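A.B. asks: Single-letter residue listing:
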Amino acid sequence: MAETQALTKKDLKSDQDVRWCPGCGDYSILNSAQGVLAGLGIPRHQMVFVSGIGCSSRFPYYMNTYGMHSIHGRAPAFATGIKLANPELTVWLVTGDGDGLSIGGNHMAHILRRNVDVKILLFNNEIYGLTKGQYSPTSRTGLKTKTSPMGSVDRPFNPVSFALGCGATFVARTIDTHLKHMEATLAAAAAHKGSALVEIYQNCVIFNDGTFDSIADKTLRDDKTIDLEPGKPLVFGKGRDKGLKVEGFDVRMVPAESADVWRADTRSAGPAFVMSQLDSDPTMPRPIGVFRSVAAPIFNEGVQAQVRDAVAKKGAGKLRDLFYTGDMWDVR
Amino acid sequence: MTQTRNVGAELPSQQFENVVIRFAGDSGDGMQITGSQFTHTAALLGNDLATFPDFPAEIRAPAGTQPGVSGFQVRFSSSDIHTPGDRPDVLVAMNPAALIVNIKDLAPGGIVIVNTGQFAERDVAKAGLKSNPMTDGTLSGYRKIEIDINDRVKRALEGSPLSPKDVQRCKNFYTLGLMYWLYSRPLEPTIAWLKDKFGKKPELADANIKALTAGFNAGDIQELFQARYEVAPCTTMVPGTYRNITGNEAVAIGLVAGAELANLKVFIGSYPITPATSILEQLASYKHYGVVSFQAEDEIAAICSAIGGSYSGYLGVTTTSGPGMALKTEAMGLAVSLELPLVIVDVQRGGPSTGLPTKTEQADLLQAIFGRNSEAPIPVIAASTPSDAFDCAVEACRIAVQYMTPVILLSDGYIANGAEPWRLPDVDKLPRFPAKFTTVAPEGGFLPYARDEKRARPWVKPGTPGLEHRIGGLEKAHLTGHISYDPENHDFMVRMRAAKVAGVRDSIPTPAVVGDKQGDLLVVGWGSTYGSIASAVEIARGKGQRVSRMHLRHVWPLPAGLDEIFASYKAILIPEMNLGQLARVLRSEYQRHEFISYSKVQGLPFKTFELNDKIDAILAR
Chain A
3 MAETQALTKK
13 DLKSDQDVRW
23 CPGCGDYSIL
33 NSAQGVLAGL
43 GIPRHQMVFV
53 SGIGCSSRFP
63 YYMNTYGMHS
73 IHGRAPAFAT
83 GIKLANPELT
93 VWLVTGDGDG
103 LSIGGNHMAH
113 ILRRNVDVKI
123 LLFNNEIYGL
133 TKGQYSPTSR
143 TGLKTKTSPM
153 GSVDRPFNPV
163 SFALGCGATF
173 VARTIDTHLK
183 HMEATLAAAA
193 AHKGSALVEI
203 YQNCVIFNDG
213 TFDSIADKTL
223 RDDKTIDLEP
233 GKPLVFGKGR
243 DKGLKVEGFD
253 VRMVPAESAD
263 VWRADTRSAG
273 PAFVMSQLDS
283 DPTMPRPIGV
293 FRSVAAPIFN
303 EGVQAQVRDA
313 VAKKGAGKLR
323 DLFYTGDMWD
333 VR
Chain B
707 MTQTRNVGAE
717 LPSQQFENVV
727 IRFAGDSGDG
737 MQITGSQFTH
747 TAALLGNDLA
757 TFPDFPAEIR
767 APAGTQPGVS
777 GFQVRFSSSD
787 IHTPGDRPDV
797 LVAMNPAALI
807 VNIKDLAPGG
817 IVIVNTGQFA
827 ERDVAKAGLK
837 SNPMTDGTLS
847 GYRKIEIDIN
857 DRVKRALEGS
867 PLSPKDVQRC
877 KNFYTLGLMY
887 WLYSRPLEPT
897 IAWLKDKFGK
907 KPELADANIK
917 ALTAGFNAGD
927 IQELFQARYE
937 VAPCTTMVPG
947 TYRNITGNEA
957 VAIGLVAGAE
967 LANLKVFIGS
977 YPITPATSIL
987 EQLASYKHYG
997 VVSFQAEDEI
1007 AAICSAIGGS
1017 YSGYLGVTTT
1027 SGPGMALKTE
1037 AMGLAVSLEL
1047 PLVIVDVQRG
1057 GPSTGLPTKT
1067 EQADLLQAIF
1077 GRNSEAPIPV
1087 IAASTPSDAF
1097 DCAVEACRIA
1107 VQYMTPVILL
1117 SDGYIANGAE
1127 PWRLPDVDKL
1137 PRFPAKFTTV
1147 APEGGFLPYA
1157 RDEKRARPWV
1167 KPGTPGLEHR
1177 IGGLEKAHLT
1187 GHISYDPENH
1197 DFMVRMRAAK
1207 VAGVRDSIPT
1217 PAVVGDKQGD
1227 LLVVGWGSTY
1237 GSIASAVEIA
1247 RGKGQRVSRM
1257 HLRHVWPLPA
1267 GLDEIFASYK
1277 AILIPEMNLG
1287 QLARVLRSEY
1297 QRHEFISYSK
1307 VQGLPFKTFE
1317 LNDKIDAILA
1327 R
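Line by line, the protein sequences are chains A and B.
Per the working numbering, the first sequence starts with residue 3, numbered consecutively.
Per the working numbering, the second sequence starts with residue 707, numbered consecutively.
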C-alpha cells in the first residue's frame, strides 16, 4: 500500500475543489499543513481532521484523510470523543476566532485544560467571514462592521492569553504569509505531546483585508514581530539589534546583547502571559512562535489507562456477571 | 434468622396479600436508604414489589421544613403487582413536616407511626404549622403509634463512641427494625449490608446494627401493636433468577449488554443532570467492560463526544433529561446527517425549563420525535417499567447499529428511581446484532453513502487504510457523500433519511393487546403509565367491563397494525402525564379514530383509582 512509503504533499490533497475566496490566507495554511503532515511519517488513514463551522472549518474536505465537518463551536468535543475512542489516531482540529472562541469558547477551554492530544489550528482573521462580515470576539474595539456600524464596543479576546489561562501545554502563534515560520510552528505543534494550540493570523481579503499588515507585511515583519524560539535569545529587528527582557510582570525593550534567552517551559506561565500581553502596545514587537511548551499528563492516555487497569484488576467483564450480581433469589 | 426472630411470636399473625409502606422524614433522615433496605429484604423474601422514591431537588432543604421532606414508598406483595400502590397502609413520619405532607395519602384506618421525639413546639413551628397535628385532629381516623425514636436510639446506643449527633443519625435503622418486626422480616440482609457499607468504620456499622435490632425488639417489648403481619412470597412470578433493579441501573446494564451484543464497547459522553446522573455514574464503574466514560463540560459536548466515539467505532451513548435534550438538539441533527449509531437516553422530568427536577413527567415525547430543525427523523422508544428499561436499552442499541442512526430512549423519573424485581436474562438467548465495519473498498470503489437493504450506510472506522473520506453536516450527495447543493439530491436525501427511519417499522412487532380483541374501550399507553394502566384495566375487567389495553414501546416510528387494532374498539383512552402528547401524534397519524386524552401533570404517577374513575366515566357515556 502507498501508505508504507513517505507521503508527499500531493497525497494529502483530496479530490474536492478548494472553495475559499481567491487570495484568502486559508490557502497557504492548507498548503503548509499538508507539507508538515506529509513529513510526519504517519499514514494518512491514521489522520483525522475535525472542524466546526466557518470558512476555516471547510478545511477537512480538502484533506485526503479522515475528516468530520461538525457543528458550530463543538469540534473540540468531537475531537475529544474521537481521540478517547481511538488514541492511535492523529487528530487535528481546525477552527476560527468565532467558532473557537465565541460559540465554542467553552469547549476550547476544556480541551486545553484536559490536555487532550489534539492539535488545534485557530485561524484568526478578526472577523466573521462566512456570514459576511460581522465583528468577532477578536475584532479590535471600534471596528466598523455590518453589526457594528458605529464601531464595535466589545473588548477583544487575546487567544494566546486565553489559552495560557486555560492551562494549555503548548501555545504558539504564526502568520499565514510567513510560510517558513508557519511550517516550523506547525511542526513544533505536531511534535508536542498533548493539546497544542496554534493561533494563525489569517487575512480575510473580503471583509477585513489587511488587518495584520502593520506587523505581517514582509517589509515590516522583521521589526514588528519577534519570534519566540525556546532556547534562543529574544532578538528581533532587520539588523537583529534589538531584544526583549522579561522583568517582573512586564517586558522591556533592550539592546540585543542584553536580551533574555526565551524559555517556554518555565514553572509559571507568567513569562508567556506577559509576552502575550504585548499585543496592546504598538511600540513593541508582536511575539510569534512558541509561547509555551510543557509536558503534562495527557487526558486520553489517562482515560485509556484506567480502562486497562480496571480490566487487569477485575478481569474483562462478562455479561453474565453484569446480570447475575448482588442479591438474587430464585423463583421456581 | 436472628435470635430476635421468634420473640413475641405469641402475638397473632395476620396474612396480607400486599402492603404499602411509606417512609417519610427530613432529607437528612436517611429515608431513601431505609426504603431501599426494606425493598431489598422484601425482594429476598420473594415478594413482588414496586417502589416510588419521592424526594426534593434540594440536597438538604432547611431541616424540619415541608420542602425538605423526603419519602420512599414500597409495595410488597404475594401476587403480581404493577404499581407502588395508590395509598400507603402504613406511614412512618419522622417529624411534623413529614406527617403533614404525607398524611393525606394514607389509606383510611391506616397505621401512622410517629416519632414523638421530633414533635416539640419548635418542630411544629419549623414545619410551618399553627397547631400540633398529633393533637389537633389531623390523625383522627388513623391508627396512631407514638414512639420517641430520638430517645429510644439514644438509650439503645448508650456507651457508643459516636457523638450524640451521629447517634441520632441511626434513627432510620431503628425505624427499619421496627417495620421488620411488624412485617415479620429477617434482619440479616440489612446487617450484612451495613457491615459491607461501613467495612472501614466498624463503629458505624455496629451502632446502626444496634439501632436496627433495638427497633426490632421494641416491637416485642413495648406492646405497641396488637398483631404482626405477614406477606407471603409471590407465587405467580415467572420462574427464574431475580434481582431488584431500578430503571437507571437497568439502562446502564442494558447499554453495556446492547453494545456487547453488537460486538462493540460503550463510549458514554454525559453531563450530570437529575434524574439521569446515576446512569453515567454506573457506566463509569464498568470500565472493566471496556466502557470509556467521559464527563463532558456540558450537555452539548457530551453528545458531541459520543458522536466522536461512534465515529471512532464505539457505540456512542449520551444520557440526559429534558433541559439537556434541548441543548443536544443541534448535535442530534448532525448525527442524523452523519448517519452514525448513537443512543440518547432521556430520563424525563417535570418541565418546562428547570421545572420539577426530581419529579416525573412524560414531558418530552414531542421533543424526542420532532424537536429538531428541518426533517431530522430519529427512532424513539420508551421504557415502561424499571426492568423493561433493560430490554429497551438493548433494543435502542440494536436499532442504532442496524440502521446507522441516533435512537432516543425515553425513561422518566418514576422508572429511573423506582425498583422492581428483574428476571435475569439468559445471556445466550439475547438477540445478537453484530456491527459490520467496512474495511475494504467493494468492487467499483468505496461509497460512504451507499446503502444496504435497511438503507443503512457503511460504517468505517478512521484508521482503515484506503477508505479515507470526509463526513459532515452539509448536505451530501447520494452515494459519494460529497458536499452537494443540488436541489434534486437534497429532496432525495431528505426522503431517503425519512424512509430509513420509517423502515425501522419492519423490524418491530405489533404490540400485543391485553384483554379482548375488540370491545368498548382500549386504553393505550406508553412509558411509565404502564403499571397504573395494567392495574386499572385488571380491575375494570374484574368488574366485567369490556376494556383492553395496549402499550407502545416503539413510539416512533409507530409499529404496523395499529389502525386495525384501533378500529376494533368503540373508544380509545390515552392516559398521559402531559397534556396529551401521544394523543396528538396518534391523531395526526390515524385520523379516522377518536382518541380521548386523559392528562395529569402533577409530577406524580397516575393512581389506579383515577384511571378507573375515568374508565367508568367513558363507559357510562
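Since the hints were made in silico from the structure, they are not lab data.
None of the values given here were measured: they were computed from a predicted structure.
Please note that a few of the clues may not be correct.
Unchecked claim - With beta-carbon atoms standing in for the labels, derived distance ranges:
# : chain 1 : residue 1 : chain 2 : residue 2 : range
1 : B       : A763      : A       : N108      : 21 to 27 Å
2 : B       : F1198     : A       : T10       : 49 to 55 Å
3 : B       : G1151     : A       : N108      : 58 to 64 Å
4 : B       : R1293     : A       : P89       : 49 to 55 Å
5 : B       : I765      : A       : N108      : 24 to 30 Å
6 : B       : A1147     : A       : A318      : 38 to 44 Å
7 : A       : G41       : B       : K903      : 33 to 39 Å
All C-beta atoms in this analysis are idealised placements derived from N, C-alpha and C, irrespective of residue type, glycine included.
A.B. asks: Check each numbered hint against the structure and report the violated ones by number, ascending.
C.D. replies: Per hint list: 2, 3, 6 and 7 violated.
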